[in-house]
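Put the two chains together into one complex, using the hints given.
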Amino acid sequence: MKRDSYFLIFILILVGLALWAILPTDSTRLGRNGFQLGLDLKGGTHLVYQADLSKKDPSQTDEQVMAAVKAKIERRANSYGVTEPLIQISGEKRIVVELPGITDVDAAINIIGQVAQMEIREAHYDSNGNPVLDAEGNTQWFVASALGSDGVTQKELTGKYLKPNAQVVLDQTTNRPQVAFEWNDEGAVLFKAITARNLNKPISIFLDETNIETANVQNEIGAKGVITGLALKDCQNLVIQLNSGSLDVPLTIVQRTDVDATLGSDSLTKSLIAGAIGIGIVIAFMIFYYHLPGVIAATALLIYSALVLAVYKLIPVTLTLPGIAGFIISVGMAVDANVLIFERLKEELRTGRTLHRAVDEGFRRAWPAIRDSNISTFITCAILYWFGSTFGAFMVKGFALTLFLGVAISMFSAVVITRTFISLLIGGGMVKGLSIHEVKKNV
Amino acid sequence: MFDIVGKRYWFFLLSALIIIPGIISLAVFGLKPSIDFKSGTSMTLHFSTSVNESQLRSTLADIGYKEAIVQRTGEGDFIVRLSEISTEQNQQLLSGLNTTLDTTTEQKDLSVISPAVASQTARNAVIAVFVAALGILAYITFAFRKMPKPLRWGTCAVAALVHDVLVVTGIFSILGWAAGIEIDAMFITGMLTVVGFSVHDTIVVFDRIRENLSRGGRGNLENVVNSSILQTVTRSLNTSLTVLFVLLALFVLGGATIHNFTLVLIIGIITGTYSSIFSASQLLIVWENREWGRFVSWIPFLRKKKA
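Those sequence lines, one after another, are chains A and B. Counting in the numbering used here, the first sequence runs from 1 upward without gaps. Counting in the numbering used here, the second sequence runs from 1 upward without gaps.
The set of hints was computed from the structure by calculation and includes no laboratory data. Heads up, some of the hints might be wrong.
Unchecked claim - Listed below are the simulated EDC-like cross-link pairs for lysine to aspartate or glutamate, each with C-alpha atoms no more than 20 Å apart in a straight line:
hint : chain 1 : residue 1 : chain 2 : residue 2
1    : A       : 72        : A       : 126
2    : A       : 70        : A       : 84
3    : A       : 56        : A       : 208
4    : A       : 42        : A       : 106
5    : A       : 233       : B       : 88
6    : A       : 270       : B       : 77
7    : A       : 42        : B       : 106
8    : B       : 38        : B       : 75
9    : A       : 201       : A       : 126
10   : A       : 201       : A       : 185
11   : A       : 163       : A       : 74
12   : A       : 42        : B       : 109
13   : A       : 56        : A       : 156
14   : A       : 270       : B       : 109
15   : A       : 233       : A       : 208
16   : A       : 270       : B       : 75
17   : A       : 70        : A       : 208
18   : B       : 32        : B       : 84
Fair warning: this is a prediction, and the values are worked out from it, not measured in the lab.
So here's chain B without its partners, still in its complex pose (with noise of 0.2 Å):
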């Protein structure tokens, strides 16, 4: 039989080796917010006559707009990024490019936010994550109540969700500086479906773990938690694998409004049933056999490179 819980370890370093950079990046850069969370505004425009990106840019300068972020887009458009703006600024601002580029400018899109919006959504979003995983300890721990210690699957499923959160924003933290992405508002929502579809693997396993058990087991706690991984192992990835199939259908052509929220979801997905796998039910026999103590000095043996 396959040894998996054996060299959770190995898979705890592999998880580490992910998040820290991912924690460095975001303790370091942070994420980079979109208009969502610190205000401002955001449009797409089309022209009828061809115009470049640093025509535009200067452009916008002359008007008034020096700090205007202007970026392509697949289509040939242009979105625009400034400071938020009044419904007459932003009409002086079309007809200034009209005139200036001499051709006719069409708003495809437009998005103002006032600081007011965009600090309560920041804090919201902050909120709907933190009360989310709460309420998921709260279930698990009431689903698992007749286990022995039922908290302690409750923490262990959260415990693997904050790892795929770290995973997703590390990430994302990575890409803002490196690619420019932008945290929005569909961020959040993703990145809450994100903790829902991590549980909902996690609990499968988990799920077999209670059965196995129930029925009297077979040998310690490590040798159970084992057949039952090997024994969801399939579905864990039929189930990801059929999800990811739908997801990156959407993420080539779902168009660019939906890209970064499908991005989440891809890269939680995989990070989900990861942890499922690799982190979850591990950490469920790290607690029983309180390896803490082996914990602590495996940094040392970490640095002498031997397994």
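Bound-form chain A, shown alone (with noise of 0.2 Å):
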């Protein structure tokens, strides 16, 4: 009976430390501040894009592209003020951005999508000093290059020459929002050498093909330059846009998912609610067919779920409304062991064994069936995670990781738990109370 003790300071210990871990409390520590919910459950935008990487870099390959996209949304998504954005690389091409909580959700795909390729472009002309029309009336403009500071190369200025510090500054006598930028040493030069080959003409900065200010040069400007003519938002997204880098590819939509946080939070109360209801369902169950043992069952089905309920906490796993739903079926395939359990020990008793050989057996013959039906289990929980993981379906994901964490601590709960109740309740004499023990005068 000893090693029964260990187990039970073993077992009450863990329940301890998952009570800790799950109530809620200021402290951070082990990120115990909350459970991590799924965009489903608090609201939010699931982006998936995809990167063109034909228009990629040549020098560059595809995974350094994708890593260099990959960050820049993040500084992007950062700087908007989103909080716990999740950005990750999905497959190739891929790239899953989830947005938890905001509320201008268009905004917000504005700025993380945009390439922001900022160029300085100079009007086209022609041999007699004439700027040349396309066939609309419209100015041509190319990007304005010059020559760098080696005196050799003639480099096209553009926004990889900023110095990632723009900031939207007020004109102090029209009092309009605008946005004052820095050009490193190399822009320097060359935003110099353009300026002054064209005092008194106009250049124009474009952002992503469209023209967004055409100026007259005044005199001839070095490392700083402003961009005026823009709303104060847009100057805000410009900021954001230019500080965090140009995207080296396009990216387009090919999936959106909006959930509007009240929505959200009604699916996590009303799932909440039915897994109460539905363990709650379990436990009548349990205890009504099994009686004393079921109580054990029910006892252990509680430690659990609290325990479950703790490592979804800790690792952290964000819980969808799907997620939830594995870990309520979880809750149903812990049972399963529990039955499997307590079937076998009737039969024990049945065959006239003594409780304490009934118990050793019941367990030991349960034991090949539990292991082997829960690994079908995880394989499938594998292949789910997997099928998730490669189409960006995150609540898919969600659903096989809780699931195969439920079913892995439910091994846990019916081997470890369960058993060493029962066997405590044996040796602390309580047998008589034990209803399966009546099977045997039944039979």
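Encoded structure:
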């Protein structure tokens, strides 16, 4: 019986730790600040972007481009003020972006997915010094270039020579917002040469092939410049984009899912209630059908639930609606292990074994079935997880993970917790109350 | 002792009565794919003023979405499905609704999927179910490696699994044209869970047969299988019932997002329990006795309507 006492102490410590992990506190140690909720439970936007890798810089590998794009999206999401954005590369050319709890979804999408290639362009002039116009009478612009600081290479002046310190400032005289930017050393050399060449002529600032500002060059400018003519909101967005650098390749949205925050919390409440009712019914059924062993199973089930929730919180597992469903189903499977054991126990008692032998035999014989059937569930979980991650179905992945953890912990619960409790009850002389014992008389 | 094994062809007949209409429906109507598998837009809209279905439909047609499918939810919101739209088109649509219907539209959720993603999802889904079946076949064959002809156990378990997959997809095909229920990524998830559960249940029965056989068995295989089924039937029913209780609670209270998902699981667990008792281990006997000849002659036997 000594072994059981040790197990009991171990279980009690575990339960204590689990409760400590689950209960909400102000402390953020070990991620104890709350469950990590998926977008479907707290609201937000799930985006899948596809990158056009045919437009990448050929000197870089696909992986490098994707990693750079990911880093830049992360920076943009953070500067836009999204809390806990989740950005993952999925497959070879897709990026999954999750933006929890944002209200202006469209604005966020604009900031995150824009290539934001800034270019300084100058007008095209014919040999007589007149601007060349296209068929519709618009000025023809081309990217301005100049000799670099080495005095040999012609370089185009683009956003890559910007320092990441652009900011929104107010024009002293007009009081209108503008974006102040600063070139790095190389950019300053180029800008100086270009402005010198274009004195009293217009130059334009293009962002992603769109002309956002055209101005006549008044004097030679070096390191600093401003972009005017934008609304405050656009200025702020432009600053985020300029400072995070341009995305290296164009991105298109191939999948977009928005969930309203109220809808999310509503789903959470509903499924938690469903879960509580479900577990309640299971406990009632077990006690009704198996009496005292049912009470043991119910206790084991509650401990099981506490352990699973603690693990979810500590890993942490992002809980989604299907994830909660996965947990609830794993409760069913946890009960199954107990049912298997109790049915075996009954049988062993019927064959006339003593209670001690029957418990040992019952557990021993139930084990291969528990093991083999749960491993088949693990196989399914592994495949679901793979299926979920290859095409970014975050809900499927969440379900697979919670089901896997649930089933794994349920094996522990059935074999260690239930067994320890039963052994202790037998040892503690409560045998007479153990109603499965009565089956012997019935048969 | 109650004889389940002896009545095996009646159980096969019952399975056929459910599966054959399902297969016919699958062949004629197929499954009704959601936007997960065919691309498009799905959104839930809530209006500040009262708007009825036909008003919304005609307004959508006016602003250029004639093909929009409008459905009212239990909570008084509307689910609108249309072709794939861009972020700008979505904004125009919402402002168009606000002006024409003189209301404030709240977009509770929005899901846009492009054809590139949709076709991949469908392909991956099929691969996932296939790989799961193979993995399970391999594992059961391994788990029963000490038994004679271990591959048989795996194959019979997978046959029962295919049975369950056919029952569920067949019923969903029928529900597709009869009740407009669509197949989405969560359906596949539910299906794979059913696959796992089906095998879970089958293995428990197989495990008992294995144990009884290795104890020397009582009489021939048919007797051993029959008593093994009877020994495990309480456990099968108890487990399935508890899982069903939980699922019913989820189905009734769990919210619209996982409604179809829980429905798949409910149907799947019922058929999974049925097949583990009445199909999987019976197939072992059919195989052992090489009853193929009898199975073929069973068709005219059916016509004579004799037991």
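Check the hint pairing residue 72 of chain A with residue 126 of chain A against an upper bound of 20 Å on the C-alpha distance. violated (40 Å)
Does residue 270 of chain A pair with residue 109 of chain B here, judged by a C-alpha cut-off of 20 Å? holds (17 Å)
Between the alpha carbons of residue 270 of chain A and residue 75 of chain B, is the straight-line distance 20 Å or under? It holds: about 14 Å lies between the C-alpha atoms, which stays within 20 Å.
Between residue 201 of chain A and residue 126 of chain A, is the straight-line Cα distance small enough, at 20 Å or below? The given pair, whose Cα atoms are some 14 Å apart, holds under the 20 Å limit.
Taking only the CA atoms, is the gap from residue 56 of chain A to residue 208 of chain A under or equal to 20 Å? Holds - the C-alpha atoms of residue 208 of chain A and residue 56 of chain A are around 15 Å apart, at most 20 Å.
Tell me if the straight-line CA distance from residue 70 of chain A to residue 208 of chain A falls inside 20 Å. holds (19 Å)
Keeping to a limit of 20 Å between CA atoms, is the pair of residue 233 of chain A and residue 208 of chain A held or broken? holds (18 Å)
When you check the alpha-carbon spacing of residue 233 of chain A and residue 88 of chain B, does it fall within 20 Å? holds (17 Å)
Within 20 Å, alpha carbon to alpha carbon, are residue 42 of chain A and residue 109 of chain B? holds (12 Å)
Hinted pair, alpha-carbon criterion (20 Å max): residue 38 of chain B, residue 75 of chain B. Please report holds or violated. The hint is violated at about 27 Å.
Given the proposed pairing of residue 42 of chain A with residue 106 of chain B, does the C-alpha separation stay at or below 20 Å? holds (17 Å)
Under the criterion that the straight-line Cα-Cα distance not exceed 20 Å, is the pair residue 270 of chain A, residue 77 of chain B satisfied? The given pair, whose Cα atoms are some 17 Å apart, holds under the 20 Å limit.
The structure fails hints 1, 8, 10 (numbered hints given earlier, in ascending order).
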